[in-house]
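As given, the protein sequences belong to chains A and B, one line each in that order. The first sequence maps to residues -18 to 257 in the working numbering. The second sequence maps to residues 164 to 454 in the working numbering.
Mixed in with the good hints there might be a few duds.
Unchecked claim - Pairs of lysine-lysine, DSS-like flavour, derived with a Cα cap of 27 Å:
#, chain 1, residue 1, chain 2, residue 2
1, B, K408, B, K239
2, B, K337, B, K349
3, A, K121, B, K188
4, A, K7, A, K54
5, B, K188, A, K87
6, A, K38, A, K54
Please keep in mind that the hints were generated in silico from the structure rather than gathered at the bench. All of these numbers come straight from a predicted model, not from anything done at the bench.
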Amino acid sequence: MLRIEKLTKRFGANVAVDAADLTVDKPCMIGIIGRSGAGKSTVLRMINRLADATEGKILFEGRDVTNLTGSAKRAWQAECAMIFQQFNLVPRMDVVSNVLHGTLNKRSTFATMFNLYPTEDIHRAIEILDRLGIAEHAPKRAEALSGGQQQRVAIARALMQDPRIILADEPIASLDPMNAQTVMEALRRIHEEDGRTVICNLHTLDTARRYCDRVIGMRAGRIVFDGLPEQLTTAMAREIYGADASFSEAATSTELETLARSEAAAAMIREAEASA
Amino acid sequence: MADISSAGTGIGPIQTSYMAMVQRKRLYSGLTLLIFILLMVVGFNTAASRNGGSFWGGLPNFFDYPSEVVAEVVEKAAALPGHFVTYFPALIETINIAAVSTLVGTVFGIVLSLLGTRGLARYPRLIPLFRRITDVMRAVPEIVIALVLIFVLGGGPVPAMLAIAFHTAGAMGKLFSEVNENVDLKPVEGLRSVGATWSQQMMLGVVPQVAPNWLSYALLRFEVNIRASAILGFVGAGGIGYELKNAISWGQGRFDVAGAIFIMLFVTIVLVDQLSSHYRDLLTHGRQAKD
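With these hints in hand, go ahead and build the complete structure from the sequences.
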């Protein structure tokens, strides 16, 4: 379905992504983990063609999308939706308009200028918002919503594109644990119910373990791990993050349960110390 | 691809009310567009009926004058370098008027803008006063001030400089205060917390943030002022405008001089534009970014 061959991106002397290979045969949910600057975002941005590859190929169902230009490139971008860390919505427009932006590839500039979206699209946009549990915010301005709600609007915009692939670049990095969970669950549901492929950059291991079918580890632009979440041992994680033995998952976790667990552990230690 | 599972039951009313909102918005924008077109058509017809000649009748002759100028300039192309040398001092005088008036006007504009910006003003209650002052300064056309000053002080570059500086201060006060409104107040608060005076807060907390935008507006204003000071030459304020007026109005074979002056003005504007983008870059990205 999606195949990436020797994909490389250089910024001057720096190599952001170094000959990355990746094959996705069937729809699944993939998590990419790695340190900041490991090249995770650059990979997603190259797939969506927000950034151009220096070398290598991106093939989607046998079609080479690496060097598309003009309307062919925009049509491909409509097929693979992108979700951003900072939501990248238009803050001063209402929620439904932001969702309707997902159909821009099919609309002329003239129709967009006079806000002439078809009624069925507007209904569908509200249905998608309802599916994500935020339909009641439909007429509000996007900037009036909380971070978690805004990210769900961004997901709704992605769904409005009816894409084959959804690329999510750190979708929960700016959210609190509760909202992070809602957003990740929404992405998982989209994968399971619609059969869309979701590729997700994550900065916490446990999120990747919990929601993804497959985990890819990147370090300094190279793919150093590609396997099932179960294969991702603590030793492997240290390897990916280049960390020493002090590295602890719970310390960076955004999962409510993990926090509860580490707090419980801390409480137990305190008790033990007190009784000693 | 599975269809959207419309699980919600309360979604119908939301859709209906949103559609109603969309319809209302479309109605309003349709009406606005209609009124706009109507005003344009009516206004055009009114203006055309008051015209001495007919607009459509005069249109074909529109290019007669410029083409005559261009033809004459091309014909006497050999004389152009001589004209450049002759009128260069006048150009320098014009640029001088523009530069001095931009500098003086910008300094006053900065003070007025800081005093007239909500959140930054020294005397918040006087904000409306300072805003009205800039309004008045902008409302009076330069040429009116220049004519009055020429009457009082006699012809020459000084009245032109004062007239342009006055207008510039008003325009810059307005533009700068709009830039100031987007300023991040945290550094200012930080400076207030150490006991800095108002002018210290402005100088160290606000100016570094807004300097690139101020500079680019000031340089744009410099361009505008070069043109303004050329125009003021028409009413006797000296500089290249005076020469241009003579060349262009006495007609009879002096279009080559007019052409030479136009070329000099054009080159000057291009140079100012290039310089402004260069220095703005330097200010935003810092010197080390260049190498």
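- Quick one, are K188/B and K87/A close enough, alpha carbons at most 27 Å? Answer holds: K188/B to K87/A is near 22 Å, not above 27 Å.
- Query: When you check the alpha-carbon spacing of K408/B and K239/B, does it fall within 27 Å?
  - Reply: 19 Å, holds
- Query: Given the hint that K38/A pairs with K54/A, does the C-alpha gap stay at or below 27 Å?
  - Reply: 15 Å, holds
- Hint consistency between K121/A and K188/B [alpha-carbon to alpha-carbon, up to 27 Å]: 14 Å, holds
- Do the alpha carbons of K7/A and K54/A lie within 27 Å of each other, as the hint requires? 23 Å, holds
- Regarding the pair K337/B and K349/B, is the alpha-carbon distance no greater than 27 Å? The hint holds at about 23 Å.
Checked against the numbered hints given earlier, the structure satisfies every one of them.
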